[in-house]
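> Listed below are the residues making up each chain.
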Amino acid sequence: MAEETTAVRAGIGPARLYGRLVGAEVRSTAEYPASFLIGVLTSGALMMLDLVAVLAVFGNVDALAGWTLTDALVLYGMAQTSFALADLFVGHLDDLPAWIRSGRLDTLLLRPRRVLFQVLAGDVDLRSLGKLLQGVVVLVVALAGAGVEWTPARVALLAVALPAGAVIYASVWVVTTSITFWLVDSREVSAAFTYGGRQFATYPLGIYGEWVRHLARLVVPLAFTAYYPTVGLLGREDPLGAPAALAWAGPGVALAAVLVAAVVWRTGVRSYRSVGA
Amino acid sequence: MRTYVEVARRAFRRFATYRGATGAALFTNLVWGVLLSTVVSAVIRNRGGASIDGYDETALITQVWLAQGMLGVVNVSNRSPDLSERIRSGDVVVDLYRPVDLQGWWAAVDAGRAGFEVLVRFIPPVLVGLAFGARLPRLIDAPAVLVALALAVVVSFALRFLAAASGFWLLDARGVERALMTVWLVGAGMTLPLPLLPNGLEAVLRLLPFAATVQLVSDVWTGTARPSLPAVLGVQLAWAVALVGAGRVVQARGTRRVVVQGG
Numbered sequence: 001m002a003e004e005t006t007a008v009r010a011g012i013g014p015a016r017l018y019g020r021l022v023g024a025e026v027r028s029t030a031e032y033p034a035s036f037l038i039g040v041l042t043s044g045a046l047m048m049l050d051l052v053a054v055l056a057v058f059g060n061v062d063a064l065a066g067w068t069l070t071d072a073l074v075l076y077g078m079a080q081t082s083f084a085l086a087d088l089f090v091g092h093l094d095d096l097p098a099w100i101r102s103g104r105l106d107t108l109l110l111r112p113r114r115v116l117f118q119v120l121a122g123d124v125d126l127r128s129l130g131k132l133l134q135g136v137v138v139l140v141v142a143l144a145g146a147g148v149e150w151t152p153a154r155v156a157l158l159a160v161a162l163p164a165g166a167v168i169y170a171s172v173w174v175v176t177t178s179i180t181f182w183l184v185d186s187r188e189v190s191a192a193f194t195y196g197g198r199q200f201a202t203y204p205l206g207i208y209g210e211w212v213r214h215l216a217r218l219v220v221p222l223a224f225t226a227y228y229p230t231v232g233l234l235g236r237e238d239p240l241g242a243p244a245a246l247a248w249a250g251p252g253v254a255l256a257a258v259l260v261a262a263v264v265w266r267t268g269v270r271s272y273r274s275v276g277a
Numbered sequence: 278m279r280t281y282v283e284v285a286r287r288a289f290r291r292f293a294t295y296r297g298a299t300g301a302a303l304f305t306n307l308v309w310g311v312l313l314s315t316v317v318s319a320v321i322r323n324r325g326g327a328s329i330d331g332y333d334e335t336a337l338i339t340q341v342w343l344a345q346g347m348l349g350v351v352n353v354s355n356r357s358p359d360l361s362e363r364i365r366s367g368d369v370v371v372d373l374y375r376p377v378d379l380q381g382w383w384a385a386v387d388a389g390r391a392g393f394e395v396l397v398r399f400i401p402p403v404l405v406g407l408a409f410g411a412r413l414p415r416l417i418d419a420p421a422v423l424v425a426l427a428l429a430v431v432v433s434f435a436l437r438f439l440a441a442a443s444g445f446w447l448l449d450a451r452g453v454e455r456a457l458m459t460v461w462l463v464g465a466g467m468t469l470p471l472p473l474l475p476n477g478l479e480a481v482l483r484l485l486p487f488a489a490t491v492q493l494v495s496d497v498w499t500g501t502a503r504p505s506l507p508a509v510l511g512v513q514l515a516w517a518v519a520l521v522g523a524g525r526v527v528q529a530r531g532t533r534r535v536v537v538q539g540g
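Quick note, the sequences are listed as chains A and B, same order.
Letter 217 of the first sequence, counting from 1, is numbered 217 in our numbering, and no numbers are missing.
In our numbering, each residue carries its 1-based index in the second sequence increased by 277.
Rough simulated footprint, nothing fancy, chain A against chain B, three-plus residues with beta-carbon under 8 Å:
(1) 291 to 302
(2) 305 to 319
(3) 323 to 335
(4) 457 to 469
FRET-style restraints, in silico, Cβ to Cβ:
(5) A508/B to L49/A: 24 to 34 Å
(6) G241/A to D330/B: 30 to 40 Å
(7) L55/A to A456/B: 21 to 31 Å
(8) D330/B to E25/A: 43 to 53 Å
(9) I38/A to G325/B: 40 to 50 Å
(10) V460/B to V141/A: 19 to 29 Å
The hints are simulated quantities; they were obtained by calculation from the structure and are not laboratory data.
Virtual Cβ for every residue (Gly too), placed ideally from N, Cα, C.
Chain A extracted, bound-state conformation:
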């Protein structure tokens, strides 16, 4: 109730408020253009190391689990781009443990907005744009190199799969960060699933063992961030024999992931006890 009345009085919906807060971040970043540019370039360059690793791996084999380098680069581009999108919007969740330790989270609890909204709208790190840029460039080059035959359906698939993949990564981020409400610092555990999840999705599902594949389909649904959409984009048979329709499962899986993330986060916030004296 209090939430609604204040919002009405202020005359600002969440979307506009988010826009304003990010706008403020853009303006403050623009004050130091050189520093911003260096940040963008370094974060992009760091991601290049992963690409070098993929290239090096394929320097030793002609194909991995039935995937050639050209196909695997599309997979890499999809995984990297959807991850970078998620990182841009929710990557600063990594700061939550520090907010809890310093007592800053208590301030957020007092304000008439949802805690998650405030955390996400608060400190967007625009340097993450470097990672996104790197992912998009690799994806475009890889798609051209793989000789994808573009049909309206495939264009639609690409347009749907990237945001859906990003939402799945973001949900994983929220769930694993929620651990911090119970344990002191969740960053390392969270990183194992988010950065580790991207590393996982970079390689064809077929290289992993049976139980890991099931985990990636049913528990931490990373298989839907890049693998299945890429199979659809390339228009090939899944070497593992999955039905072609799975390429389109992304949005449904993303929705389910968001629901789980929302429940876990709320439970976390409810059980939160301030560390403050």
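Starting from the structure of chain A, add chain B where the hints point.
Only chain B this time, still in chain A's reference frame:
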């Protein structure tokens, strides 16, 4: 000497209190171990079992798990960068008042830290790795492995000390430390075992000190040291001496600057 031993013992105890953080870090190491050893296995399987530059699957998988174990021991990610923070804040002046050598003091702290990490972050990944096809060193190689591990810690300390000491000039060493970490992860063979990289790149990386912190240890561990075991240990020793020596020179110059700044 007793002072340094006591400092190391207390550092060991101090790091032993960070249980939650250590457990979480270990968990991450294990996840990456599984991910990377899967990639390595897939590469070998798709080569029809053919080894790479004389490294068979066992040697490469062992290297991957060893690298995850060494991450914490050689402290690549520079957890608790005390010295560089003390240089930035100026607290390093207090360290200089003490009747002990600055580098020696922090080396003792690092020895205590490394000792703790060996117990909790090195041994578990190595044991878990056995289930994924990694192996233990032959008994006859065990003494050489211990020497290689110790030298790896010394080289890693010297590298981090140099990066932190850059703060005497830059005031903020964080940029240098981040750059060091990036090069280190690749150069040591932590992102991928060096034999998987193109031969030219591998040859260059093997000439740098980073390889001495993981890849060379792994070579000693798996019996793939080349051209010979003494040569590999010699390279590690040479880097340890050279980098610690460089640290002494930098310390002598840098601390003089602190005095000037402090007035």
